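The sequence shown runs 1 to 454 under the UniProt record's numbering.
The hints are simulated quantities; they were obtained by calculation from the structure and are not laboratory data.
On a predicted model such as this, the values are computed, not experimentally measured, just so you know.
For glycine and all other residues, C-beta sits at the position ideal for the given N, C-alpha and C.
It is possible that some hints are incorrect.
[Claimed, not checked] Just the calculated beta-carbon pair ranges, DEER-fashion: (1) A291 with T413: 38 to 48 Å; (2) A358 with N34: 50 to 60 Å; (3) P105 with T5: 38 to 48 Å; (4) R93 with D118: 24 to 34 Å; (5) T5 with Y48: 17 to 27 Å; (6) T11 with R93: 39 to 49 Å; (7) I23 with P170: 36 to 46 Å; (8) D424 with L113: 46 to 56 Å; (9) R93 with F180: 25 to 35 Å; (10) E363 with K197: 30 to 40 Å.
[Said to hold, decoys possible] Keeping only pairs whose Cα atoms sit at most 25 Å apart, straight-line, the calculated DSS-like set for lysine-lysine is: (11) K343 with K233; (12) K156 with K143; (13) K315 with K343; (14) K315 with K292; (15) K410 with K343; (16) K431 with K315; (17) K109 with K187; (18) K258 with K204; (19) K143 with K225; (20) K292 with K258; (21) K156 with K109; (22) K258 with K225; (23) K204 with K59; (24) K156 with K187; (25) K204 with K225; (26) K204 with K143; (27) K343 with K318; (28) K39 with K59; (29) K59 with K156; (30) K225 with K292; (31) K343 with K292; (32) K156 with K204; (33) K156 with K197; (34) K187 with K197; (35) K155 with K143.
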Amino acid sequence: MNEYTFIFLGTAFTSQAPEQVAILEDHLFCVNANGIIEKIIAPNDAEYQLFLDSYEGTKNFHRLAEGQYILPGFVDLHVHAPQWAQSGTALDRPLHDWLHTYTFPLEAKFSNLDFATDVYEDLVQTLLSNGTTTALYFATVHKEASLLLAEICAKKGQRGLIGKVVMDDPEQNPDYYRDFDTITALKDTEEFILAVKNLGETVKQGVYPVVTPRFIPSCTDEALKGLGELAEKYDTHIQSHCSESDWEHQYVHGRYGKNDAFALHQFGLLGDKSVMAHCNFLSDQDAALFAKTGTAIGHCPLSNAYFANSVIPIKRFKGLGIDIGLGTDISAGATPSIYDNAKQAVISSRMLEDGVNAELPAEERGVPNSRLTMNDAFYFATAGGGESLSLPIGRIEENYAWDVQIIDTKVPTTKLPIFDPNEDLYDIFQKIIYNVRPENIREVWVQGERVHAR
Numbered sequence: 001m002n003e004y005t006f007i008f009l010g011t012a013f014t015s016q017a018p019e020q021v022a023i024l025e026d027h028l029f030c031v032n033a034n035g036i037i038e039k040i041i042a043p044n045d046a047e048y049q050l051f052l053d054s055y056e057g058t059k060n061f062h063r064l065a066e067g068q069y070i071l072p073g074f075v076d077l078h079v080h081a082p083q084w085a086q087s088g089t090a091l092d093r094p095l096h097d098w099l100h101t102y103t104f105p106l107e108a109k110f111s112n113l114d115f116a117t118d119v120y121e122d123l124v125q126t127l128l129s130n131g132t133t134t135a136l137y138f139a140t141v142h143k144e145a146s147l148l149l150a151e152i153c154a155k156k157g158q159r160g161l162i163g164k165v166v167m168d169d170p171e172q173n174p175d176y177y178r179d180f181d182t183i184t185a186l187k188d189t190e191e192f193i194l195a196v197k198n199l200g201e202t203v204k205q206g207v208y209p210v211v212t213p214r215f216i217p218s219c220t221d222e223a224l225k226g227l228g229e230l231a232e233k234y235d236t237h238i239q240s241h242c243s244e245s246d247w248e249h250q251y252v253h254g255r256y257g258k259n260d261a262f263a264l265h266q267f268g269l270l271g272d273k274s275v276m277a278h279c280n281f282l283s284d285q286d287a288a289l290f291a292k293t294g295t296a297i298g299h300c301p302l303s304n305a306y307f308a309n310s311v312i313p314i315k316r317f318k319g320l321g322i323d324i325g326l327g328t329d330i331s332a333g334a335t336p337s338i339y340d341n342a343k344q345a346v347i348s349s350r351m352l353e354d355g356v357n358a359e360l361p362a363e364e365r366g367v368p369n370s371r372l373t374m375n376d377a378f379y380f381a382t383a384g385g386g387e388s389l390s391l392p393i394g395r396i397e398e399n400y401a402w403d404v405q406i407i408d409t410k411v412p413t414t415k416l417p418i419f420d421p422n423e424d425l426y427d428i429f430q431k432i433i434y435n436v437r438p439e440n441i442r443e444v445w446v447q448g449e450r451v452h453a454r
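Use the sequences and the hints to build the structure in full.
Following this line, the structure appears as structure tokens:
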């Protein structure tokens, strides 16, 4: 019998497919020294009792208490890390005003590493406490502060994918907050990539550099081309915003005579390790290009309600073969919780299907076949996020990382409404997703290491 670092006994919920949740009742989950789920044993397996007899009572063995359940850790595909300091601020303002009055002045402050440390340490711990084990981060234009965020992820045990943001166009960015010039932007990005790659080699759960043009309007053609070349040279992940709002979509079309997707593709910025946030205005041709190149969508339903000017037809895009995960888009999304965004993904899709203008006949009011189920949203929050990043995360399966949340439904101050001792487990799953609060998240593990406990 192999020696395992940890064995957990409990009931887990994990996505098998977008509409299918697997319930692993009273299974044994065997985690090796690398933090990988090496073996899962069901109660009816012949070796189940043998493992129980061998491990129960040892320090390696963890039996969940009554009312506790295991969920995969969440994957957040879109976080503006510096904007945590303004979360919940000025969301009633138009996007241009919000950026130039609040966001860019705030992000400019991250040249101060003491300030950056305070914000980033609090953010990473907050996300972990909300069950987010992997996060794809936009940092700022500052190379040093962006590297600091990677170091904080490494120290706190979160799997972080971090981008030093590029904003080099002097006509589109404020003088007080942009890259000095294109050459500097590309040089700083390359140095950042190398530093994070070196750091990542020492980190069990991994930290990764991400090539990050803020969005096409912030960048010159030379920068976009150079970033595509750096991503290819170093085989990095890539992230940006794509076709988010009426303004951005129209700006790019006016500049290139083509939509965001094809403009990004011409600079080598779409591929299997690319995640584009929002994407509300993708055409069918754009969506086909995403599917062909393996580019994923980071769906940010709460943020979209404030700034995207439309509801994205996520179900249609998923049906076209695009990888999709969820993002909070802190701070345009004011909550650090993927639970909140999973619920909003379902709500927005129902509004898209049913329509919002009651003066129209019902048959003309919405977009048919748009609704998502909570199973879909749970998939995007977990397995879909892992697929979007091309990493073995987001599922409770053999050969996947032990990235999990242990949920306690019986916490006195936030007890879930479960009164039947024989309640159907799928109903319990739904109650967890709809009702859980951070207080219910008792432990969070990343790559086999406990990184948060209440």
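Going down the list of hints, with the structure as the test:
At roughly 45 Å, the beta-carbon separation of A291 and T413 lies within the given 38 to 48 Å, and the hint holds. The hint said 50 to 60 Å for the Cβ distance between A358 and N34, and at roughly 56 Å that hint holds. At roughly 47 Å, the beta carbons of P105 and T5 sit within the given window of 38 to 48 Å. For R93 paired with D118, a C-beta distance near 25 Å keeps the hint of 24 to 34 Å intact.
The hinted range of 17 to 27 Å is satisfied by T5 and Y48, whose Cβ atoms lie roughly 19 Å apart. Distance hint check: the CB atoms of T11 and R93 are about 45 Å apart, consistent with the given range 39 to 49 Å. At about 56 Å, the beta-carbon gap between I23 and P170 misses the expected band of 36 to 46 Å. The supplied range of 46 to 56 Å is met by D424 and L113, whose beta-carbon atoms lie about 52 Å from each other.
Judged by the Cβ atoms, the range 25 to 35 Å given for R93 and F180 holds: they are separated by roughly 29 Å. For E363 paired with K197, a C-beta distance near 55 Å fails the hint of 30 to 40 Å. For the hint linking K343 to K233, the alpha-carbon distance of about 39 Å lies beyond 25 Å, and the restraint is violated. Restraint check for K156 and K143: the C-alpha separation of about 20 Å stays at or below 25 Å, so the hint holds.
Note on K315 and K343: the hinted pairing holds, with a Cα-Cα distance of about 15 Å set against a maximum of 25 Å. With a C-alpha separation of about 18 Å, the suggested pairing of K315 with K292 holds against the 25 Å cut-off. With a CA separation close to 22 Å, the supplied pair K410 and K343 stays within the 25 Å bound. Distance check on the hinted pair: K431 and K315 sit about 23 Å apart at the alpha-carbon level, within 25 Å; holds.
A threshold of 25 Å between alpha carbons decides the hint, and for K109 with K187 the separation of about 22 Å falls inside it, so the pair holds. Between K258 and K204 the alpha-carbon distance is near 42 Å, which puts this suggested pair outside the 25 Å criterion. Under the criterion of a C-alpha separation no larger than 25 Å, the hint pairing K143 with K225 is consistent with the structure, at around 20 Å. Under the criterion of a C-alpha separation no larger than 25 Å, the hint pairing K292 with K258 is consistent with the structure, at around 18 Å.
For the given pair, K156 sits about 23 Å from K109 by alpha-carbon distance, which is consistent with the 25 Å threshold. Taking the CA atoms of K258 and K225, the gap is near 17 Å; set against the 25 Å cutoff, the hint holds. Distance check on the hinted pair: K204 and K59 sit about 22 Å apart at the alpha-carbon level, within 25 Å; holds. Taking the CA atoms of K156 and K187, the gap is near 28 Å; set against the 25 Å cutoff, the hint is violated.
Pair hint K204 plus K225 does not hold up; C-alpha atoms about 33 Å apart against a cutoff of 25 Å. Pair hint K204 plus K143 holds up; C-alpha atoms about 23 Å apart against a cutoff of 25 Å. For the hint linking K343 to K318, the alpha-carbon distance of about 18 Å falls within 25 Å, and the restraint holds. A threshold of 25 Å between alpha carbons decides the hint, and for K39 with K59 the separation of about 18 Å falls inside it, so the pair holds.
At most 25 Å may separate the alpha-carbon atoms for a hinted pair to count; K59 and K156 meet this at roughly 23 Å. Distance check on the hinted pair: K225 and K292 sit about 21 Å apart at the alpha-carbon level, within 25 Å; holds. In summary, the hint linking K343 to K292 is not supported, as the alpha carbons are separated by about 29 Å, beyond the 25 Å threshold. Taken as a hint, the K156 and K204 pair is honoured in the structure, with Cα atoms around 11 Å apart against an allowance of 25 Å.
Of the supplied pair hints, the one linking K156 and K197 holds, its CA atoms being roughly 18 Å apart against a limit of 25 Å. For a cut-off of 25 Å, the pair hint linking K187 to K197 stands: about 16 Å separates their Cα positions. At roughly 19 Å between alpha-carbon atoms, K155 and K143 fall within 25 Å of each other, so this suggested pair holds.
Hints 7, 10, 11, 18, 24, 25 and 31 from the earlier list are contradicted by this structure; the remaining hints agree with it.
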